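Please model the entire structure based on the sequences and the hints provided.
Protein chains: 2
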Amino acid sequence: MKKTDIIVIGGSAAGIVAALTAKSTNPSKDVTLIRKEEIVMIPCGIPYVFGTTGSTSKNAIPDKGLLGLGVNIVIDEVTVVNKEDKIVSTASGEKYKYDKLVFATGSNPALPMWLKGRDLENVFTVPKNKLYLDSFQSKLKEFKKMVVIGAGFIGVEMSDELNKSGLEISLVEKLPHVLGATFDEEVVLEVEDQLTERGIKLFTGLGVAEILGENGVVNGVLLDNGEKLEADAVIVSMGYRPNAKLAEETGLRINQMGFIETDQYRRTSDPSIFAAGDCSEKRDFITGKLSGIMLASTASAEGRIAGINLYNLAVLKSFAGTIGIYSTALGDNAFAVAGITESLAKMEGIDYIAGSFTGMDRHPGNISDAHKQMVKLVVSRESGIILGGAISGGKSTGELINAIGFVIQNKMTVIDLLTSQIGTQPVLTASPVAYPLIKAAEVCLKKLRK
Amino acid sequence: MKKTDIIVIGGSAAGIVAALTAKSTNPSKDVTLIRKEEIVMIPCGIPYVFGTTGSTSKNAIPDKGLLGLGVNIVIDEVTVVNKEDKIVSTASGEKYKYDKLVFATGSNPALPMWLKGRDLENVFTVPKNKLYLDSFQSKLKEFKKMVVIGAGFIGVEMSDELNKSGLEISLVEKLPHVLGATFDEEVVLEVEDQLTERGIKLFTGLGVAEILGENGVVNGVLLDNGEKLEADAVIVSMGYRPNAKLAEETGLRINQMGFIETDQYRRTSDPSIFAAGDCSEKRDFITGKLSGIMLASTASAEGRIAGINLYNLAVLKSFAGTIGIYSTALGDNAFAVAGITESLAKMEGIDYIAGSFTGMDRHPGNISDAHKQMVKLVVSRESGIILGGAISGGKSTGELINAIGFVIQNKMTVIDLLTSQIGTQPVLTASPVAYPLIKAAEVCLKKLRK
Ligand SMILES: Cc1cc2nc3c(=O)[nH]c(=O)nc-3n(C[C@H](O)[C@H](O)[C@H](O)COP(=O)(O)OP(=O)(O)OC[C@H]3O[C@@H](n4cnc5c(N)ncnc54)[C@H](O)[C@@H]3O)c2cc1C
Ligand SMILES: Cc1cc2nc3c(=O)[nH]c(=O)nc-3n(C[C@H](O)[C@H](O)[C@H](O)COP(=O)(O)OP(=O)(O)OC[C@H]3O[C@@H](n4cnc5c(N)ncnc54)[C@H](O)[C@@H]3O)c2cc1C
Chain A
1 MKKTDIIVIG
11 GSAAGIVAAL
21 TAKSTNPSKD
31 VTLIRKEEIV
41 MIPCGIPYVF
51 GTTGSTSKNA
61 IPDKGLLGLG
71 VNIVIDEVTV
81 VNKEDKIVST
91 ASGEKYKYDK
101 LVFATGSNPA
111 LPMWLKGRDL
121 ENVFTVPKNK
131 LYLDSFQSKL
141 KEFKKMVVIG
151 AGFIGVEMSD
161 ELNKSGLEIS
171 LVEKLPHVLG
181 ATFDEEVVLE
191 VEDQLTERGI
201 KLFTGLGVAE
211 ILGENGVVNG
221 VLLDNGEKLE
231 ADAVIVSMGY
241 RPNAKLAEET
251 GLRINQMGFI
261 ETDQYRRTSD
271 PSIFAAGDCS
281 EKRDFITGKL
291 SGIMLASTAS
301 AEGRIAGINL
311 YNLAVLKSFA
321 GTIGIYSTAL
331 GDNAFAVAGI
341 TESLAKMEGI
351 DYIAGSFTGM
361 DRHPGNISDA
371 HKQMVKLVVS
381 RESGIILGGA
391 ISGGKSTGEL
401 INAIGFVIQN
411 KMTVIDLLTS
421 QIGTQPVLTA
431 SPVAYPLIKA
441 AEVCLKKLRK
Chain B
1 MKKTDIIVIG
11 GSAAGIVAAL
21 TAKSTNPSKD
31 VTLIRKEEIV
41 MIPCGIPYVF
51 GTTGSTSKNA
61 IPDKGLLGLG
71 VNIVIDEVTV
81 VNKEDKIVST
91 ASGEKYKYDK
101 LVFATGSNPA
111 LPMWLKGRDL
121 ENVFTVPKNK
131 LYLDSFQSKL
141 KEFKKMVVIG
151 AGFIGVEMSD
161 ELNKSGLEIS
171 LVEKLPHVLG
181 ATFDEEVVLE
191 VEDQLTERGI
201 KLFTGLGVAE
211 ILGENGVVNG
221 VLLDNGEKLE
231 ADAVIVSMGY
241 RPNAKLAEET
251 GLRINQMGFI
261 ETDQYRRTSD
271 PSIFAAGDCS
281 EKRDFITGKL
291 SGIMLASTAS
301 AEGRIAGINL
311 YNLAVLKSFA
321 GTIGIYSTAL
331 GDNAFAVAGI
341 TESLAKMEGI
351 DYIAGSFTGM
361 DRHPGNISDA
371 HKQMVKLVVS
381 RESGIILGGA
391 ISGGKSTGEL
401 INAIGFVIQN
411 KMTVIDLLTS
421 QIGTQPVLTA
431 SPVAYPLIKA
441 AEVCLKKLRK
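Residue numbers (full-length UniProt numbering), protein chains in the order written: chain A, 1 to 450; chain B, 1 to 450.
If you're looking for bench data, these hints aren't it; they were derived computationally from the structure.
Accuracy of the hints is not assured; some may be wrong.
[What the hints assert, rightly or not] Here's a subset of chain B near chain A, in silico, CB distances under 10 Å, partners left out:
#1 P47
#2 S291
#3 M294
#4 V337
[Claimed, not checked] Computed list of chain B residues with no C-beta within reach of chain A, every gap over 10 Å:
#5 K3
#6 I39
#7 S269
#8 I323
#9 K395
#10 S431
On a predicted model such as this, the values are computed, not experimentally measured, just so you know.
Every residue, glycine too, gets a C-beta built ideally from N, C-alpha and C.
In structure tokens:
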């Protein structure tokens with residue numbers, strides 16, 4: 001039996017950051033990261049493997065950060081955790097004694113049992129697994145028409161990249177709109193325009209009745225309105241499930257959504273075991289409710305909290321809750337959201353107002369790479385606190401949404417925002433007199449005063 | 001004599017926002033904006049007139065925002081303000097009775113008296129004046145070699161744009177480095193590399209002894225080390241002076257740096273008169289000292305504060321102080337700073353630590369428009385509060401510095417930042433496991449714990 005102080009199970013966003021933080025917080029401890037795969041994919045980069053970057057080998061997370069800090073990397077699968085004796089057993093027959101353990105076992109694509117035809121050949125999911133993705137990619141040249149089921153971020157990004165590389169893509173979504181679970185209508189309509197313009201066929205408001213095939217091979221998708229879409233291959237992109245099976249077998253508490261229960265320091269029901277990332281419980285920053293959000297940025301942040309708090313609890317603040325901050329891009333058009341949307345505010349019964357402003361992200365707006373920029377804010381009517389923001393704009397959208405993320409996480413009010421300062425520069429940002437974030441706050445202030 | 005409720009003197013960043021905010025806060029009031037020039041330049045866009053955008057007419061601020069809201073625009077020069085009777089007189093002989101008045105008279109380029117040769121033909125400054133800029137631009141084709149004196153933002157941006165449009169540029173700076181007043185050394189060295197690579201000749205650590213000429217026309221610049229630079233034209237870019245003469249004549253208090261004294265609501269020493277923008281007093285957000293910062297974003301924010309508080313003081317929060325947030329770009333390379341630099345912290349005797357991290361602004365870093373991204377943070381050692389940040393990166397730098405601006409203005413500590421969440425996306429941002437802002441905070445935390 002080997003001995004190590006800290007074991008992290010999982011080698012992706014949560015696991016890497018947990019291991020790095022654990023080691024740099026406790027340099028004298030021996031830290032071991034165990035993961036199944038030889039080469040770890042940049043998870044968010046996976047769609048781009050099918051177009052922009054072109055191969056999984058260009059999408060690998062290097063090990064040098066971990067190795068440089070002195071973290072041991074073990075390629076193996078943890079099969080049993082004995083939490084009483086603090087021993088981890090692996091598929092290769094190895095055993096490790098630990099002092100602290102972090103579950104960062106992530107998530108797997110959902111492939112619902114009720115989905116008829118799910119086992120046909122050329123039905124794919126999008127796991128974070130290089131070997132699977134390589135074999136998927138090697139078959140692409142055999143396909144002409146593809147149906148993507150599910151138009152969340154991943155379904156949309158996959159559709160766009162596969163379309164770019166020459167496939168005919170039909171994108172099917174049960175909700176009334178593409179990305180409808182994350183954005184308000186004004187943004188999703190723009191996304192839909194973009195997708196259609198780029199040649200992707202959209203089937204929204206339509207569920208899938210069944211995946212069709214012949215001789216065990218996929219040949220189409222039957223929609224629940226009776227329409228049949230032809231397809232040489234199908235991608236099922238219907239979300240991800242927390243990979244909490246090992247944790248459950250270990251005897252850790254699992255919450256009603258299937259995530260490993262944790263407190264705000266990322267401690268599980270066992271005092272020596274922490275959990276971070278897609279496998280672990282999250283609560284919404286605004287509503288306090290259990291949340292099913294799965295993001296690499298959230299996973300990294302949780303990995304950091306776990307890593308810092310392993311031995312040294314009280315010193316540190318923890319999360320106030322998980323705030324969803326995401327962005328995506330279709331060519332030069334980017335879309336992003338932080339905190340809650342207007343639709344969610346409505347659903348949650350929050351007394352809110354919303355305001356938006358559309359301008360240009362450069363000034364003057366005739367600068368060659370200028371892009372339209374729309375910013376929307378969702379604000380609590382009672383307190384004036386900013387609860388959410390959304391952007392549709394150019395490539396600086398990904399950082400502007402992080403600015404809005406800080407606004408929300410600091411519980412800034414509309415007035416706080418209006419009396420804050422921002423910086424502007426012609427070729428980098430919108431104009432100071434029409435900076436959409438500030439103008440949107442002005443629109444909100446007017447509504448608050450009514 | 002005409003009557004109006006609110007007069008704003010000045011039609012640029014501060015004046016526009018003050019008038020817009022005054023009108024939308026008090027829709028029933030009559031608001032009149034008086035400005036000297038027919039067409040207002042986007043001030044920050046001026047350098048780009050000489051290259052990127054190509055003409056002043058592509059760099060105009062449209063009046064439609066003001067007119068649409070019902071603000072009266074008067075093109076005239078205010079010559080006298082009688083604050084006892086509340087009457088403004090103009091060059092055209094008009095008189096206006098006001099209830100509230102806002103000075104937004106801005107700033108003018110400095111052209112020091114001691115600078116020998118300042119009156120020679122083809123010695124230019126960079127005022128925010130379309131007619132001047134047009135005549136300057138129309139003469140450009142006569143010039144081959146140009147010397148720019150002063151390597152602040154404006155000197156650097158002018159040099160870069162003029163160099164782009166084919167002129168041979170020598171840039172002279174008295175400080176040891178280009179942009180040395182605003183950035184720490186690691187950033188300025190990069191800026192200098194960029195400028196040199198683009199063909200601009202740098203003369204740093206060298207003052208100008210005199211501008212040389214023959215027959216009243218410039219032909220060179222003599223440096224204080226005796227070196228002579230040939231030049232067909234010279235741009236003096238040695239900063240701007242607050243335009244507070246009218247305010248002084250009005251009997252308003254002027255501070256020791258020459259700015260119109262104001263409180264945090266932008267009220268001057270006269271209770272009915274406010275001041276905002278480059279002409280008005282600022283205090284540093286961190287040090288509380290009088291500050292000489294002149295930025296369009298700051299001017300807009302002050303215009304907003306003035307406009308909101310004219311009639312309705314108590315409701316509103318005001319500025320905590322002015323935080324300098326600026327960015328600039330050389331081609332695809334952008335540089336930005338918010339709050340204080342390490343050099344300033346040293347000068348002010350602040351007990352600080354600083355940490356930085358360099359990564360890529362996309363993930364994987366081989367995405368075609370990926371750019372190196374360096375983030376540096378300056379942190380108070382005692383409190384862990386983040387006092388300043390700097391970035392050298394790609395085009396999203398302008399928004400990332402605004403994110404850091406919110407971090408500073410919310411007095412977030414390193415721990416607050418490390419337990420905050422950010423969003424990441426492959427084609428829009430750095431990787432979640434190596435997001436330079438967060439990694440820089442980790443470096444700082446390690447130093448704080450020592
Ligand atoms: C196609 C795609 C695109 C995405 N785009 C974005 C985006 O743009 N932005 C964003 O924020 N998020 C994005 N996400 C979500 C993001 O990828 C996940 O939130 C992130 O991967 C979660 O990281 P994790 O470390 O928690 O888990 P995972 O990435 O699922 O990793 C789990 C790790 O645990 C290991 N493991 C599991 N069980 C065992 C075991 N028994 N023994 C040993 N090792 C084990 C695995 O080998 C793996 O290393 C995307 C996801 C996908 C699939
Ligand atoms: C070349 C250049 C580039 C810049 N780049 C940036 C940048 O990238 N980012 C940034 O944040 N800042 C930048 N700045 C700074 C920015 O331009 C100023 O901070 C901003 O213009 C200040 O606005 P203001 O309204 O206070 O004054 P000003 O722009 O100086 O305007 C003053 C106004 O007052 C009017 N006026 C004055 N006296 C009278 C009178 N007696 N009667 C009637 N009207 C009068 C003038 O006509 C004018 O309309 C740049 C400045 C320059 C010159």
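Hint check results:
1. Nearest Cβ of chain A to the Cβ of B:P47: about 8 Å, under the 10 Å cut. The hint holds.
2. Residue-level restraint check for B:S291 is violated (minimum Cβ-Cβ distance to chain A is 12 Å; threshold 10 Å).
3. At a threshold of 10 Å, the smallest CB-CB gap from B:M294 to chain A is about 12 Å, leaving the interface hint violated.
4. For B:V337, the interface hint holds, since its Cβ comes within 10 Å of a Cβ in chain A; the closest pair sits about 9 Å apart.
5. Non-interface call for B:K3 relative to chain A: holds, since the shortest CB-CB distance, roughly 27 Å, exceeds 10 Å.
6. No Cβ of chain A approaches the Cβ of B:I39 within 10 Å, the least distance being about 12 Å, so the stated non-interface status holds.
7. For B:S269, the non-interface assignment is confirmed: its Cβ lies about 22 Å from the closest Cβ of chain A, beyond the 10 Å cut-off.
8. Taking the minimum C-beta to C-beta distance to chain A, about 5 Å, the non-interface status of B:I323 is violated against the 10 Å cut.
9. A beta-carbon of chain A is positioned within 10 Å of the beta-carbon of B:K395; the least distance is around 6 Å.
10. Its closest Cβ contact with chain A, about 7 Å, brings B:S431 to no more than 10 Å, contrary to its assignment away from the interface.
When the structure is compared with the earlier hints, violations turn up for hints 2, 3, 8, 9, 10 and for no others.
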